[in-house]
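Chains L and C are the protein sequences, given in the same order. Going by my numbering, the first sequence opens with residue 1, and the numbers climb by one from there. Going by my numbering, the second sequence opens with residue 1001, and the numbers climb by one from there.
Just so you know, these hints were derived from the structure itself, not from any lab. Warning: the hint list may mix true and false statements.
If you only want the chain C side, here are some residues facing chain L, beta carbon under 7 Å, derived [claimed, not checked]:
id, residue
1, Phe1018
2, Leu1058
3, Gln1093
Label pairs and their calculated CB-CB ranges [stated by the list, open to error]:
id, chain 1, residue 1, chain 2, residue 2, range
4, L, Asp140, C, Ser1016, 24 to 32 Å
5, L, Val81, C, His1219, 24 to 32 Å
6, L, Ser70, C, Gln1119, 55 to 63 Å
7, L, Arg233, C, Phe1232, 58 to 66 Å
8, C, Pro1135, L, Arg238, 52 to 60 Å
In silico BS3-like cross-links for lysine-lysine, where the CA-CA straight-line distance does not exceed 30 Å [claimed, not checked]:
id, chain 1, residue 1, chain 2, residue 2
9, L, Lys141, C, Lys1230
10, C, Lys1077, L, Lys71
11, C, Lys1127, L, Lys141
12, C, Lys1033, C, Lys1086
13, C, Lys1140, L, Lys168
Even for Gly, the Cβ is constructed at its ideal location relative to N, Cα and C.
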Amino acid sequence: MKLFLLMMTALLLGGCSGDWGWYVVNPATKSGMNNLSFLLSGLYYTILLSVTAIIISVVVGLLVALPGLSKNPFLRGINRVYVEIVRAVPILVMILWVYYGLPQVADISITVFWAGVIALALSDSAFEAEIFRAGIQSIDKGQYEASHSISLSYTDTMRFVILPQAIKRILPALGNQLVYMLKMSSLVSVIGMQELTRKANELVVTEYRPLEIYTILVLEYLVLILIVSAGVRWLERRMNADEK
Amino acid sequence: MPVDPQSPLISIRDVSKFFDDFQALKDVDLEVKPGEKVVVCGPSGSGKSTLIRCINQLEKHEKGSIIVDGIELTSSKASLNAIRSKVGMVFQQFNLFPHLTVMDNLTLGPIRSKGLSKQQADDMAMKYLERVRIPEQANKYPRQLSGGQQQRVAIARSLCMEPEIMLFDEPTSALDPEMINEVLEVMTELAESGMTMICVTHEMGFARKVADKMVFMDHGEIVEMSEPGKFFTEPDSQRCQDFLQQILHH
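Turn these sequences into a full structure, and let the hints steer you where they fit.
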């Protein structure tokens, strides 16, 4: 937080020198206010895109992680192949492929939004799968044995015993992925998604003030991510209630 | 004393178990009648834990047969589920669920696998918490309890499944000395109530008091099996004599 205030001060002071042209986003003027609200209007899609993608990637990641924990080599193989292939594709390439390639391969039409969600979720799911696998493997085998001894089914063992403990342990890593997702959502601007980065690009083209506009963009992401970090820490504290 | 001397509740015949090349159990035979208390002892690595873990199928035996209450343990899911609900198990490391309160630890099994209502499960949990003498700890988390209290919660958790047989795998080995007695007292009371029990333990005072049958294992074999009077005074095998010498005089 201190760092943030420091940066703000530095930028404002910088704004006083001749090189900066803060007028372009000065909320006191009508055009400045318009520009500012234009920039902020990308927030909705950035958040919607990231949140939808992270939810899907967590679910897919878990579904991919479970066969990776199996004793059956075939199921483990499925997990390995998925993780290795998906992890090897750069996110930008994945976005381009899903938007331009997938509709042709699968003979479907796809909106920019869903292309972005699918690409981000797919890319991230491989990482989520590895995080889940590590988290689940870190749970003592005595927990499985105790569940076995009170006749819990595999699903109940996972749902009530293993996953609640595993998720608590991997929460910092999941938080990291959410931050990562928020940042990577900026790449979806290349296919025309009207999120923060796209809005900034469009404004730069009309106003010719890249320095100020991209600085605002940096601050937008910074604030978003600080909020997410605080949220994740709050959740960690809440989930650690049993450790007091 | 055996309550019911007729057909055995557990019948283990000719059972062998391998971990890769290592043979953990060699042609083990053991019968346990309803209400009987069996204490199994022996040096570490002798196969005692493996033996009782085979009875509730935490380990699969490779040869021979294990019949529990008329059901033969095979790899089929049906036999596995039928057995698990009849056999309770208490572990050396307690294995309580750390993210759940004592109460939730106790009611999870009855609600999820026996289909009890929350209210029924709560009532049963309180009943068994009183029996292990810690009803006041119901809303705490395992971490907030002492080792002895945790192990008593673990015993209550098993009892909530209303098993016919209780298996104890070195239940006091992970406890500080001053907490061993509170756990043994609960186990003694359970024995007096007529529960069929197989205990792997080196607590020979407890064994003398409750055992109907003593079993000494070494290198995966049952070396000595007799009633406690004979076992402690005149065991047949040299290995058993040496072992008793060591643990009774250390």
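Hints, verified against the model:
For the restraint placing phenylalanine 1018 of chain C at the interface with chain L, the shortest Cβ-Cβ distance is roughly 17 Å, beyond the 7 Å limit, so the hint is violated. Using the Cβ-Cβ criterion of 7 Å, the hint placing leucine 1058 of chain C at the interface with chain L is satisfied: the shortest such distance is roughly 6 Å. Annotation: glutamine 1093 of chain C was flagged as interfacial toward chain L, and the flag holds, the nearest CB pair being 5 Å apart, inside 7 Å. Roughly 28 Å separates the CB atoms of aspartate 140 of chain L and serine 1016 of chain C, a value that falls within the hinted 24 to 32 Å.
Checked against the hint of 24 to 32 Å, the pair valine 81 of chain L and histidine 1219 of chain C fails, with Cβ atoms roughly 44 Å apart. Separated by about 38 Å at the C-beta atoms, serine 70 of chain L and glutamine 1119 of chain C break the suggested range of 55 to 63 Å. The given range of 58 to 66 Å is respected by arginine 233 of chain L and phenylalanine 1232 of chain C, whose C-beta atoms sit roughly 59 Å from each other. Restraint check, proline 1135 of chain C to arginine 238 of chain L: a C-beta distance of roughly 28 Å breaks the suggested window 52 to 60 Å.
Between lysine 141 of chain L and lysine 1230 of chain C, the direct Cα distance comes to roughly 39 Å. Violation of the 30 Å bound is thereby established for this hinted pair. For the hint linking lysine 1077 of chain C to lysine 71 of chain L, the alpha-carbon distance of about 17 Å falls within 30 Å, and the restraint holds. Restraint check for lysine 1127 of chain C and lysine 141 of chain L: satisfied, since their Cα atoms lie roughly 29 Å apart, inside the 30 Å limit. The suggested pairing of lysine 1033 of chain C with lysine 1086 of chain C holds, with an alpha-carbon distance near 15 Å, which does not exceed 30 Å.
For the hint linking lysine 1140 of chain C to lysine 168 of chain L, the alpha-carbon distance of about 19 Å falls within 30 Å, and the restraint holds.
Going down the numbered hints, you'll see the structure goes against 1, 5, 6, 8 and 9, while the others check out.
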